[in-house]
Amino acid sequence: MATNRMFRTCPSTGLVFHQPAERLMMANAVAAAVFLLFGGILAIMVVLTRWPAVHLLAADRFYQVLTGHGINMLIFWVIFFEIAVLYFCSSTLLKSRLATPGLAWAAFWLMVIGALINNYAVFWRDDSSVMMTSYAPMGAHWSFYLGLILFAVGALVACFVFFGTLVVAKSERTYVGSVPLVTFGAITAAIIAVFTIASGAIILIPTFLWSLGLISHIDPLMYHTIWWAFGHSSQQINVAAHIAVWYAIAAIVFGAKPLSERVSRSAFLLYILFLQLASAHHLLVDPGLSETWKIFNTSYAMYLAVLASMVHGLTVPGAIEAAQREKGYTHGLFEWLRKAPWGNPVFSGMFISLVGFGFLGGISGVMMGTLQLNTLIHNTLYVPGHFHATVVIGTSLAFMALTYFLIPTLFRREVMFPTIAKWQPYVFGLGMTGVALFLMAAGTLGVPRRDWDITGAGNAFPYSFPGSAFLMLGLAAISGLIAITGGAMYLLNTVGSVFFGKRIQTPDFQHVRAAEGVAPSPKPVAAAIGSYHPGGGGALVAPGTFILALVFLVSFVLYYFINWKYLATVWPMR
Amino acid sequence: MAHATDIDAAPEEEIPEEPIPAMQQLLDNPFLLLFLGVVIPTVFYLIWGVMEILSIPLIK
Ligand code: HEM
Ligand SMILES: [Cu+2]
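For the record, the sequence lines run as chains P and L.
Per my numbering, the first sequence runs over residues 1201 to 1774.
Per my numbering, the second sequence runs over residues 87 to 146.
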């Protein structure tokens, strides 16, 4: 089979797309959107059931829908999109052909089939409402596990296509020196993905055999421990991927160069080394594991990873500030931020993602990951509150923002409803901020997660929560409906633009063979995002960002302290 | 640097190669990073954790 070496150069950005890679990116991004749509419809039902005043679904339906919401959103939407990002960061940014497009298609179809089989088990068979965590000994139908395993194998193959592309790019010398920072972020994500998927295989394959009756017993604690190496690490793929997307967008919108390549890369290295150990924060109340293991893996290791996140949280806006100041927005501390393109959803989505991830997701995550404080909120709605800040405001909104860039460059379509696009990040971001905050508030009041009826009506020992808990649930639901509206706006625009949008016609458009030269003139975007900038964008010329970082640190310390005080009141030491 | 003031005269001349720092060599090697990123959590989280679970005594 001859190798396809056809490329096109995007006329407005200068980015180079390998023909097979381009099709694969489109297929993966479209599949992602389909699962987002499905997960979003399920979100309506989840939210309306947890709103006590509405209490939409019956108990069994609720657990089924919640299982589907978790899996379709967290696994299928996010990972399909990530595979598109991996191909973009390897093939497009390195101007290289994608290694083995045939295998990449096999990976894609494995993922599609796996996702369909899993949904078949949950919704069609209706006997696998085991939640996304599927804790043994609670068992699902074997097709539930089989679907997840096929999906994971597909994703693993896609990761190796990514690594293979790095090898091809290096040996065909499509770049010199080091890979661009955005690609380095994608490498971080792919490395974490390999560990994640391997752990998933270690635990899900025996569980699959158990569901077939070939293994007699799965130890629940063993399942818990190994499953979370998969379940938590997969969240770290998301973090690495969406931070790569932040850097990419800073380069795309502002031509921003990283303040320091060395610092940003070292921060990614801390992720590679330590981020996955934080999986242990899911086992902080489990018996049988020593405090030494728990504290080493959460605190000591996790703080190094948290440090890395704070570095990224500082250097991404710092790079934007430096680029803006260079353009002359030098008045006061914040002119660079006030004069940023707030009407451009690529930027606004990314910035809301950054702030929401840091302030809501980051601070609450460190609190929860502390052994003692964890007992305050373990298994309450605080947990979904926290991760809707990380994986929805952080990851999903960053991916949405990137989509507005990909519609014209990758899909070569005009955005169909620009006004809707302009407002979408605000509606979605605001709604989700409400969801995160009100769920956390309900959790702080002790409301459990995954609980169909918190009043326990009809039980021998009902429990009465304070009125404020009901209020928080109501507010969370209303915010949820706003967020779902934001999600619908996104899908309307992406589906509309990609399938029915106006084609962008460029007169001398063509695919050319690599040998004929792929990149005539590096346009600003391609140059900013696709190259290595030794020395970086200069010294720390970002005083405004510095102030923002101080505000963050003060909020962080205060919130952490308040929770220790709170712990002291619920657990008096006399 | 004999030609330091005479840049135009030697267009093809290579910039003298500086030795690549160890840290950069590490960061430029995705497979070494992959190795570290898989081994560290496997040892500290998985193996250590599983050993602790296996060492819980069973009731007789
Ligand atoms: C679009 C608006 C969304 C709303 C209103 C929403 C709402 C909710 C609520 C209220 C819960 C908690 C239910 C409970 O514990 O009883 C939940 C669970 C969850 N959500 Fe969302 N969500 C949305 C989007 C997303 C997205 C985009 C993701 C992932 C990328 C996501 C991932 C999850 C996961 C993993 C769970 C946990 C399921 C479980 O406990 O097994 N959600 N969602
Ligand atoms: Cu976690």
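Treat each hint with caution, since some may be false.
[What the hints assert, rightly or not] Okay, the calculated bits of chain L under chain P, using three or more residues with CB under 8 Å as the criterion:
1. 115 to 124
2. 130 to 140
[Claimed, not checked] Below 20 Å or equal to it, Euclidean Cα-Cα: the simulated SDA-like pairs (lysine to any residue) are:
3. P/LYS1527 x P/HIS1733
4. P/LYS1494 x L/PHE130
5. P/LYS1622 x P/HIS1733
6. L/LYS146 x P/GLY1488
7. P/LYS1494 x L/LEU112
8. P/LYS1494 x L/LEU140
9. P/LYS1494 x L/SER141
10. P/LYS1702 x P/ILE1620
11. P/LYS1370 x L/LEU112
12. P/LYS1494 x L/PHE117
13. P/LYS1622 x P/GLY1696
14. P/LYS1494 x L/LEU132
15. P/LYS1494 x L/TRP134
16. P/LYS1370 x P/THR1203
17. P/LYS1765 x P/HIS1578
18. P/LYS1370 x L/PHE117
19. P/LYS1494 x L/ILE139
Calculated directly from the structure, the hints in this document are not laboratory data.
All C-beta atoms, glycine included, are put in the ideal place defined by N, C-alpha and C.
Now for the hints, and whether the structure bears them out:
Only residues whose C-beta sits within less than 8 Å of a C-beta in chain P count toward coverage, and the stretch 115 to 124 of chain L has 7 of them, enough to reach three; the restraint holds. Counting residues of the stretch 130 to 140 of chain L whose CB lies closer than 8 Å to any CB of chain P gives 8, so the stated coverage by that chain holds, three being the minimum. This hinted pair checks out: P/LYS1527 and P/HIS1733 have alpha carbons roughly 19 Å apart, not beyond 20 Å. Our distance criterion of 20 Å between C-alpha atoms is met by P/LYS1494 and L/PHE130, whose separation comes to about 10 Å.
About 32 Å separates the Cα atoms of P/LYS1622 and P/HIS1733, which puts this hinted pair outside 20 Å; it is violated. Of the supplied pair hints, the one linking L/LYS146 and P/GLY1488 holds, its CA atoms being roughly 17 Å apart against a limit of 20 Å. A threshold of 20 Å between alpha carbons decides the hint, and for P/LYS1494 with L/LEU112 the separation of about 29 Å lies outside it, so the pair is violated. Restraint check: the Cα-Cα separation between P/LYS1494 and L/LEU140 comes to about 16 Å, which is no more than 20 Å; the hinted pair holds.
The suggested pairing of P/LYS1494 with L/SER141 holds, with an alpha-carbon distance near 16 Å, which does not exceed 20 Å. For a cut-off of 20 Å, the pair hint linking P/LYS1702 to P/ILE1620 stands: about 16 Å separates their Cα positions. Proximity of P/LYS1370 to L/LEU112 is assessed by CA-CA distance (about 15 Å); at most 20 Å being required, the pair is judged to hold. Distance restraint check for P/LYS1494 and L/PHE117: the Cα-Cα separation of roughly 29 Å exceeds the 20 Å cut-off, and the hinted pair is therefore not satisfied.
The hinted pair formed by P/LYS1622 and P/GLY1696 meets the criterion: a straight-line CA distance of about 15 Å does not exceed 20 Å. In summary, the hint linking P/LYS1494 to L/LEU132 is supported, as the alpha carbons are separated by about 12 Å, within the 20 Å threshold. With a C-alpha separation of about 11 Å, the suggested pairing of P/LYS1494 with L/TRP134 holds against the 20 Å cut-off. Distance check on the hinted pair: P/LYS1370 and P/THR1203 sit about 17 Å apart at the alpha-carbon level, within 20 Å; holds.
Of the pairs offered as hints, the one joining P/LYS1765 and P/HIS1578 holds, with about 17 Å between alpha carbons and a cut-off of 20 Å not exceeded. Simply put, P/LYS1370 and L/PHE117 have alpha-carbon atoms about 13 Å apart, close enough for the 20 Å limit, and the pair holds. Of the pairs offered as hints, the one joining P/LYS1494 and L/ILE139 holds, with about 13 Å between alpha carbons and a cut-off of 20 Å not exceeded.
Checked against the numbered hints given earlier, the structure breaks hints 5, 7 and 12 and satisfies all the rest.
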